[in-house]
Amino acid sequence: MRLVLVLALAFVVACHKKAPEPSTSLFDALSDPTLSAADQAARDAARQEDVSRLVENFKRVYFATDSAILDSSSRTALTENAAILSKWPEIKVEVQGHADERGTTEYNLALGQRRAGAVTSWLAGNGVGGSRLAAVSYGEEMPLTPGSGETSWSQNRRAEFRITWGASGTLAGTAY
Amino acid sequence: MFAFLAALAHAQIVIDVPGRADLPVAVPAPAASDPAAAEFHDAVFRDLHMSGYFSLIDPAAILDPSTGVEPGTFSWDPYKLVNATVLVKTRWLPAGDPTCDASGKRVCADLFLYYVVTGETLVRERYKGDARDPRAVGHAVAAKVVKAITGRDAPFLDRLAAVSNATGNKEIYLLDLDGRNVVPVTRNGSINLSPGLSHDGRQLAWTSYRRGNADVFVKDLSSGRVRLVSSVPGVNVSPDFTRGGDLVVARTVDTEVDLFLLDGRTGAESSRLTTGGGIDVSPDVGPGDAMVAFASERSGGSQIYLRDMRTGDARRVSFAGDYNSDPAISPIGDRIAFVTREAGGFDIMVSDMAGRNLTRLTQGQGDNEDPTWSPDGQYLVFSSTRTGRSELWLSTADGNHQVQLTKGGGWTQPAWLP
Numbered sequence: 001m002r003l004v005l006v007l008a009l010a011f012v013v014a015c016h017k018k019a020p021e022p023s024t025s026l027f028d029a030l031s032d033p034t035l036s037a038a039d040q041a042a043r044d045a046a047r048q049e050d051v052s053r054l055v056e057n058f059k060r061v062y063f064a065t066d067s068a069i070l071d072s073s074s075r076t077a078l079t080e081n082a083a084i085l086s087k088w089p090e091i092k093v094e095v096q097g098h099a100d101e102r103g104t105t106e107y108n109l110a111l112g113q114r115r116a117g118a119v120t121s122w123l124a125g126n127g128v129g130g131s132r133l134a135a136v137s138y139g140e141e142m143p144l145t146p147g148s149g150e151t152s153w154s155q156n157r158r159a160e161f162r163i164t165w166g167a168s169g170t171l172a173g174t175a176y
Numbered sequence: 001m002f003a004f005l006a007a008l009a010h011a012q013i014v015i016d017v018p019g020r021a022d023l024p025v026a027v028p029a030p031a032a033s034d035p036a037a038a039e040f041h042d043a044v045f046r047d048l049h050m051s052g053y054f055s056l057i058d059p060a061a062i063l064d065p066s067t068g069v070e071p072g073t074f075s076w077d078p079y080k081l082v083n084a085t086v087l088v089k090t091r092w093l094p095a096g097d098p099t100c101d102a103s104g105k106r107v108c109a110d111l112f113l114y115y116v117v118t119g120e121t122l123v124r125e126r127y128k129g130d131a132r133d134p135r136a137v138g139h140a141v142a143a144k145v146v147k148a149i150t151g152r153d154a155p156f157l158d159r160l161a162a163v164s165n166a167t168g169n170k171e172i173y174l175l176d177l178d179g180r181n182v183v184p185v186t187r188n189g190s191i192n193l194s195p196g197l198s199h200d201g202r203q204l205a206w207t208s209y210r211r212g213n214a215d216v217f218v219k220d221l222s223s224g225r226v227r228l229v230s231s232v233p234g235v236n237v238s239p240d241f242t243r244g245g246d247l248v249v250a251r252t253v254d255t256e257v258d259l260f261l262l263d264g265r266t267g268a269e270s271s272r273l274t275t276g277g278g279i280d281v282s283p284d285v286g287p288g289d290a291m292v293a294f295a296s297e298r299s300g301g302s303q304i305y306l307r308d309m310r311t312g313d314a315r316r317v318s319f320a321g322d323y324n325s326d327p328a329i330s331p332i333g334d335r336i337a338f339v340t341r342e343a344g345g346f347d348i349m350v351s352d353m354a355g356r357n358l359t360r361l362t363q364g365q366g367d368n369e370d371p372t373w374s375p376d377g378q379y380l381v382f383s384s385t386r387t388g389r390s391e392l393w394l395s396t397a398d399g400n401h402q403v404q405l406t407k408g409g410g411w412t413q414p415a416w417l418p
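Residue numbers (the working numbering), protein chains in the order written: chain E, 1 to 176; chain A, 1 to 418.
For reference, chain E alone in the conformation it holds in the complex:
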């Protein structure tokens, strides 16, 4: 994970040479040539922590069995997530749709996509630019809570947010 994060930051460095971000940016001045290598490493580590904290601020969204309907608590969570996205306009997110184990592997891949799509549609309809959003399904492949029973299943029927940016879709961290 650490290596991936460093690569992600390196990618941002490359971007910044072409198009500097506004000074309020989380990733402001990443390629500052006046910094020593050690200072840059320390600064990068701090940025990494910032990203980790930012990721933690995204709320998960939960679903009923076989459903992709956003209930009121889901919409409340998404309102908060939309506020984060509006505060940090350079952030792109991948919305990951997940299912519990009570479907076939292949049906659950389709169901997870429907859940991720419901979330990205809602965000797009609430002011988040569609180009900042990607929907990916992981079906039942990445349960949050192992084991059988409604306690686990209800945790696993969910959508999560992962921060990405750029065409490479480089991993920066997954919301938990």
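No wet-lab data here; the hints were simulated from the structure. Treat the hints with care, as some may be off.
Claimed, not checked - The following residues of chain A were derived to be distant from chain E, with all beta-carbon distances above 10 Å: (1) Pro24; (2) Thr73; (3) Arg310.
Claimed, not checked - Residues from chain E that face chain A, not an exhaustive set, calculated with beta carbons under 8 Å: (4) Glu56; (5) Arg102; (6) Thr104; (7) Thr105; (8) Glu106; (9) Tyr107; (10) Leu109; (11) Ala110; (12) Leu111; (13) Gln113; (14) Gly117; (15) Ala135; (16) Val136; (17) Ser137.
Cβ atoms here follow ideal geometry from the backbone N, Cα and C, with glycine treated the same way.
Here the structure of chain E is known, so what remains is to put chain A in place on it, guided by the hints.
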């Protein structure tokens, strides 16, 4: 319907389809005691048990002091004592045996198949194979025994493709039907799912996240070359080859998942097979490419539908329960195996092509999923969690006889190689 063995017919032995597992057979170990001989004997023994025709007599109960295998060199009494009807005697010729292959690269086994009741010799035949795979010689011997007794070919030398998470990631493997000789097909550290074989056995299609999305790839199993065939934004899942070498996949279109026919080589879209009704997934193309079975929620919960490839009409063929999926059409197109969701988990069912005459293969034994037919339609392999871990199991098509194929856990989504 019934297969008689001419040599046995006069003795009123009738062998029906596999599943009764009631013909008493003795399979004493060969005299040779090297590890290869033990592997060979283990393969013969397990295959005959797997076949569902025989009741295997415990070798420890057979008290034959003779090591003779040829007629007249041993007594029938130890076999009559344990009520053996059929006796499978074998002689193992280890690597380097001059009467087999002095170079040591090949090994041999002599099979003597006897009908104990009359003392008739039904088969005496020599089998030769690679010294590195003594089990393969055992599979050939066991297949000959089944053929001689039942008139049917046995699938003991067949292979499966399946998913295992043994490395911590789901990867695709090929393995022998008895769970041995596991060979990786993918090793990308990502998530790999839903292997499907072309009908010439040369191409394997599957779903992988190696590009960060659920895309469909095809690997040429001889050259090892991999090509990306379906990668629309969203899901590209559940590939199944037509007899003609094209692919049916389920993939995202707008807000739903529909079935598409793709050129098997290029991935170019030939036609869209389904429209509307939400999720259509898990296609299985029937014999002659005449129809495709799939799971659809167009009537509410997931149910099985059959689409006529000529007219495009689709009819529902599952009616019991609120969640049926993963259809697999039998090789001659007379039955559909599928998965049904119940309170206690998932079970395997088999129906006729109209969805009637249901046979239940599993009940109350954990989750049972992803049925795949043997090429002769006599057997099914599926995954089951009945031991607490997900393993591959084989069942006769009537469900009466089931054996565990893999050990180690984490096995799912088997596909029988043609």
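Results of checking the hints against the structure:
1. Under the 10 Å C-beta cut-off, the non-interface status given to A/Pro24 relative to chain E holds; the minimum distance is some 40 Å.
2. Interface exclusion of A/Thr73 from chain E stands, the closest Cβ pair being 55 Å apart, more than 10 Å.
3. The Cβ of A/Arg310 lies farther than 10 Å from every Cβ of chain E, with a closest approach of about 25 Å, so its non-interface assignment holds.
4. With a cut of 8 Å, the hint placing E/Glu56 at the interface with chain A is violated, because the nearest CB-to-CB distance is about 22 Å.
5. Because the closest C-beta pair between E/Arg102 and chain A is about 7 Å apart, less than 8 Å, the hint holds.
6. For E/Thr104, the shortest C-beta to C-beta distance to chain A is roughly 4 Å, which falls under 8 Å, so the interface hint holds.
7. At a threshold of 8 Å, the smallest CB-CB gap from E/Thr105 to chain A is about 6 Å, leaving the interface hint in force.
8. Hint status for E/Glu106 relative to chain A: holds, with the closest Cβ pair at about 4 Å, below 8 Å.
9. A hinted interface residue such as E/Tyr107 counts as satisfied when its beta carbon comes closer than 8 Å to some beta carbon of chain A; here the least separation is about 5 Å, so the hint holds.
10. Among the interface hints, the one on E/Leu109 holds; its C-beta lies about 5 Å from the nearest C-beta in chain A, closer than the 8 Å criterion.
11. Taken as an interface hint, E/Ala110 checks out: its beta carbon lies about 4 Å from the nearest beta carbon of chain A, inside 8 Å.
12. Hint on E/Leu111 holds. Least Cβ distance to chain A is approximately 7 Å, under the 8 Å limit.
13. With its C-beta approaching chain A no nearer than about 5 Å, E/Gln113 sits inside the 8 Å limit, and its interface hint holds.
14. Below 8 Å, beta-carbon pairs count as interface contacts, and E/Gly117 has one with chain A at about 6 Å; its hint therefore holds.
15. Using the Cβ-Cβ criterion of 8 Å, the hint placing E/Ala135 at the interface with chain A is satisfied: the shortest such distance is roughly 7 Å.
16. About 6 Å separates the beta-carbon of E/Val136 from the nearest beta-carbon of chain A, less than 8 Å, and the hint is met.
17. The beta carbon of E/Ser137 is positioned within 8 Å of a beta carbon in chain A (closest approach about 5 Å), and the interface hint is therefore held.
The structure shown violates just one earlier hint, number 4.
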